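Given the sequences, and given the hints that come with them, work out the whole structure.
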Amino acid sequence: MASKSLVQMSEMMRYMIYETNVPEVALTQELKYIRNYLDLQRLQYDNPNLVSFTLEGIPDKIFVAPMLFIAFIENAFKHCTDKKTTNTIQLLFQIQESKIHFEISNLFDPTKQINKDSSSGIGLSIIKRRLDILYPHRYYLQMNQKNGYFDVSLTIKLT
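Going by numbering that gives the first Met the number 0, the letters in the sequence shown line up with residues 0 to 158, in that order.
Treat the hints as calculated values from the structure; they're not laboratory data.
Here the structure is a predicted model, which means the values were calculated and not measured.
C-beta: ideal position from N, C-alpha, C; glycine also.
Check before you lean on any hint, since a few could be wrong.
Capping the alpha-carbon separation at 35 Å, the derived lysine-lysine pairs in DSBU-like fashion look like this [to be verified]: (1) 145 x 111; (2) 31 x 77; (3) 156 x 145; (4) 82 x 98; (5) 31 x 98; (6) 111 x 31; (7) 83 x 145; (8) 111 x 60; (9) 77 x 127; (10) 31 x 3; (11) 111 x 83; (12) 3 x 83; (13) 60 x 98; (14) 156 x 60; (15) 98 x 83; (16) 31 x 60; (17) 77 x 111; (18) 98 x 3; (19) 77 x 145; (20) 77 x 98; (21) 127 x 145; (22) 111 x 82; (23) 31 x 145; (24) 145 x 98; (25) 31 x 83; (26) 31 x 127; (27) 3 x 111; (28) 82 x 31; (29) 98 x 127; (30) 156 x 77; (31) 156 x 82; (32) 82 x 145.
Taking CB as the label site, the calculated pair distances span [to be verified]: (33) 110 x 158: 38 to 48 Å; (34) 95 x 52: 11 to 21 Å; (35) 109 x 59: 17 to 27 Å; (36) 44 x 152: 17 to 27 Å.
Have a look at this one:
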């Protein structure tokens, strides 16, 4: 287990250092990075069923800005209020030739929020700014907090 985790961490570091300094990366590479990240989070919280990950469509030949989705995923882990139950965080990628739809949902109870800090909301505003620059007028981002969950839905029209 430790050696597999070390390999995953090494792959993640290599990807961040050597592969992300370009305008676009293959979605398959981005998804591999995300899967490695999810595996490490499952290990950290000792919960193999912490996250459900669904991929619909074929990611081959699709390119996106590097590290585009990870900020939403990190945010879900940061603000998730119960990391011990099953499918506390749910990810969905729906891929078509002309668009990518991404959803992430995490259990969220503001009364149990542990990470209350002054930077609350800054990360999401930076993500919006990045989307404005990279995909002007070609994306739709919606964030909601309801029924004990925080949900993010992002659709990007590809060129």
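Hint check results:
no. : hint                  : verdict
1   : 145 x 111             : holds (15 Å)
2   : 31 x 77               : holds (21 Å)
3   : 156 x 145             : holds (27 Å)
4   : 82 x 98               : holds (31 Å)
5   : 31 x 98               : holds (19 Å)
6   : 111 x 31              : holds (32 Å)
7   : 83 x 145              : holds (20 Å)
8   : 111 x 60              : violated (42 Å)
9   : 77 x 127              : holds (18 Å)
10  : 31 x 3                : holds (14 Å)
11  : 111 x 83              : holds (14 Å)
12  : 3 x 83                : holds (22 Å)
13  : 60 x 98               : holds (12 Å)
14  : 156 x 60              : holds (15 Å)
15  : 98 x 83               : holds (34 Å)
16  : 31 x 60               : holds (15 Å)
17  : 77 x 111              : holds (12 Å)
18  : 98 x 3                : holds (33 Å)
19  : 77 x 145              : holds (18 Å)
20  : 77 x 98               : holds (28 Å)
21  : 127 x 145             : holds (21 Å)
22  : 111 x 82              : holds (12 Å)
23  : 31 x 145              : holds (30 Å)
24  : 145 x 98              : holds (26 Å)
25  : 31 x 83               : holds (24 Å)
26  : 31 x 127              : holds (23 Å)
27  : 3 x 111               : holds (33 Å)
28  : 82 x 31               : holds (22 Å)
29  : 98 x 127              : holds (18 Å)
30  : 156 x 77              : holds (28 Å)
31  : 156 x 82              : holds (33 Å)
32  : 82 x 145              : holds (18 Å)
33  : 110 x 158: 38 to 48 Å : holds (44 Å)
34  : 95 x 52: 11 to 21 Å   : holds (18 Å)
35  : 109 x 59: 17 to 27 Å  : violated (40 Å)
36  : 44 x 152: 17 to 27 Å  : holds (25 Å)
The earlier numbered hints that this structure contradicts are 8, 35.
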